[in-house]
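Listed here are the chains, written in short residue letters.
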Amino acid sequence: MSLQTFGIWIAAIGTIACYSYLWKDNVFFQAMEHIFIGVAAAHTVTMGYHNIKSMAWTPMVTKGEWQLAVALLLGIVLYTRFFKDISWISRYPIAFMMGVGAAVTIRGNIEGQFIRQIRATMVPLTNFDALVIWVGVVGTITYFLFGPISNHKAVRNVSLIGMWTMMGAFGAAYGNTVMARMSLVIGRLQFLFGQWIPIIK
Amino acid sequence: MDQLMTRLLNVDRRIIYALVIVSLFIPLVRPLGLPIGLSPETKKAYDKVESLKAGDIVILSPDYSPGTEAENLPQTMAFARHLMKKKARIVGLSCRADGTMYAVRVLTTLAKEYGYEYGKDYVLMPWKAGGESLVVAMGRDFKATYPEDFYGKPTKGTLVDDINSAKDIALIICMVTGDEMQWYIRQMDAIYKVPVTGGGTAVTIPGLMPYVASGQLQGVLAGLRGAAEYEMLLGMPGKAVAGMDAQSLSHVLVMTFVILGNIAYFYQKRRTKK
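One line per chain: the protein sequences are A and B, in this order. Counted the way the numbering used here counts, the first sequence spans residues 17 to 217. Counted the way the numbering used here counts, the second sequence spans residues 14 to 287.
Incorrect hints may have been included.
Under the rule of at most 20 angstroms between Cα atoms (straight-line distance), these lysine-lysine pairs were calculated in the PhoX-like manner [said to hold, decoys possible]:
| id | chain 1 | residue 1 | chain 2 | residue 2 |
| --- | --- | --- | --- | --- |
| 1 | A | LYS79 | B | LYS166 |
| 2 | B | LYS100 | B | LYS61 |
| 3 | B | LYS206 | B | LYS61 |
| 4 | B | LYS166 | A | LYS69 |
| 5 | B | LYS156 | A | LYS69 |
| 6 | B | LYS133 | B | LYS166 |
| 7 | B | LYS156 | A | LYS79 |
| 8 | B | LYS169 | A | LYS79 |
| 9 | B | LYS166 | B | LYS156 |
| 10 | B | LYS156 | B | LYS206 |
| 11 | B | LYS133 | B | LYS99 |
Ranges of calculated distance between the beta carbons of each label pair, as one might list FRET restraints [unchecked claim]:
| id | chain 1 | residue 1 | chain 2 | residue 2 | range |
| --- | --- | --- | --- | --- | --- |
| 12 | B | ARG26 | A | MET113 | 38 to 48 angstroms |
| 13 | B | TYR164 | A | THR31 | 29 to 39 angstroms |
| 14 | A | ILE110 | B | ALA31 | 44 to 54 angstroms |
No lab work stands behind these hints: they were computed from the structure. The C-beta atom is built at its ideal place from N, Cα and C for all residues, glycine as well.
Go ahead and model the full structure; you've got the sequences and the hints to work with.
Printed below as a string of structure tokens:
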């Protein structure tokens, strides 16, 4: 049996063990669940180790970039959160990461998330789509800013439009979720009956 | 009638699972040949890739994990085939630790088919931690961000030499299951005006549609269906097209359940009122 065939069998057994949960919870599903978590964690640890080695350790010792020791130290200090007496120290690297992350990304955020999106809603009301966008945006913002419990009937009615707009959006999101889940099952069936037991041509 | 409606509201879920599996399995074994439409978002993504010239540098970024391989891998394959048909130069990288293997798998497999040479026509980059900060670093100085490739060799002497600034990147194609598309939109499109397109799992599409509508995203492939549409446009039907009949039949089944459930619910509600 070649390594590839062995791999296909392991994947097939794992797939069936996971789907056995649909009948009822059982030891095979639980075993596969634990194996998956273990493998995923091991993969992440391995990738993280290689990242630290290539991005920090190797440049430090081979190219003399000793300033990277600060980043390494901050990373190690993060683990102090697991020790009750010294867990306060881990707030510093977390604060550093949050501060640097926010500062580095904020420029693109303002342009991409706010300005461009606001500009996109300021469309001329020359077609039905534009009208739907305008009504939906105004209604939804009114709903969140003033709420459906406002004293003014007009504001309550506009909030109601926003509520129905959101319900339509959530319905579309649910439909997409169903499509996504079905696609994943189709992928598994194509594997099981395309590679494991070749019935699908 | 009361008994039937009560039964409908309390169907054993295992019966529903069995019916769904059957509705998915039968069309895979015996295709029905249902027509596949074309959404404007897929056409827009296709047209954007089609507008590339030979030699243009494109980043292909599979940012998904094995859990969504069924949806995202056909999208990646379709985009990669199109890029190689257009003779674009490809940089395969990922912002996810487990996404890099898909860039490696897809590009090394298709490179043999299209006669692509590593280093000259395509390169693979290693995963680096940082999330959106990584994308910021890529935009500022791509060469400094990736001094070595996936195999640990220097990127000097490869097509990376021609990426002197973000503006040298003609297009970014990103397949996502999370926020990575938004990172590229915010940090590459908004700041450096590098166009972004790609595909997402169907779950992510409602969150990406505002970006398509605003022009920040040059079209998007919606899950497996988007991949199937793209394969039809390429004239290379593959796994995605093969799964469409099963998807259509299963959706009809789910809609039937929803309608029957609502009929039973409102009937019961009326009876209770009386």
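Hints versus structure:
1. Using a Cα cut-off of 20 angstroms, the hinted pair LYS79 of chain A and LYS166 of chain B holds, with the two alpha carbons roughly 16 angstroms apart.
2. Among the hinted pairs, LYS100 of chain B with LYS61 of chain B is consistent with the structure: their alpha-carbon atoms are about 14 angstroms apart, no more than 20 angstroms.
3. At most 20 angstroms may separate the alpha-carbon atoms for a hinted pair to count; LYS206 of chain B and LYS61 of chain B meet this at roughly 14 angstroms.
4. Restraint check for LYS166 of chain B and LYS69 of chain A: the C-alpha separation of about 15 angstroms stays at or below 20 angstroms, so the hint holds.
5. Under the criterion of a C-alpha separation no larger than 20 angstroms, the hint pairing LYS156 of chain B with LYS69 of chain A is consistent with the structure, at around 19 angstroms.
6. The suggested pairing of LYS133 of chain B with LYS166 of chain B holds, with an alpha-carbon distance near 14 angstroms, which does not exceed 20 angstroms.
7. Our distance criterion of 20 angstroms between C-alpha atoms is met by LYS156 of chain B and LYS79 of chain A, whose separation comes to about 17 angstroms.
8. For the hint linking LYS169 of chain B to LYS79 of chain A, the alpha-carbon distance of about 17 angstroms falls within 20 angstroms, and the restraint holds.
9. Among the hinted pairs, LYS166 of chain B with LYS156 of chain B is consistent with the structure: their alpha-carbon atoms are about 13 angstroms apart, no more than 20 angstroms.
10. For the hint pairing LYS156 of chain B with LYS206 of chain B, the CA-to-CA distance comes to about 19 angstroms; that is within 20 angstroms, so the pair holds.
11. With a CA separation close to 15 angstroms, the supplied pair LYS133 of chain B and LYS99 of chain B stays within the 20 angstroms bound.
12. The hint said 38 to 48 angstroms for the Cβ distance between ARG26 of chain B and MET113 of chain A, and at roughly 43 angstroms that hint holds.
13. At about 32 angstroms, the beta-carbon gap between TYR164 of chain B and THR31 of chain A stays in the expected band of 29 to 39 angstroms.
14. Checked against the given bound of 44 to 54 angstroms, the beta carbons of ILE110 of chain A and ALA31 of chain B, roughly 48 angstroms apart, stay inside it.
Comparing the model with each earlier hint shows no violations; every hint is respected.
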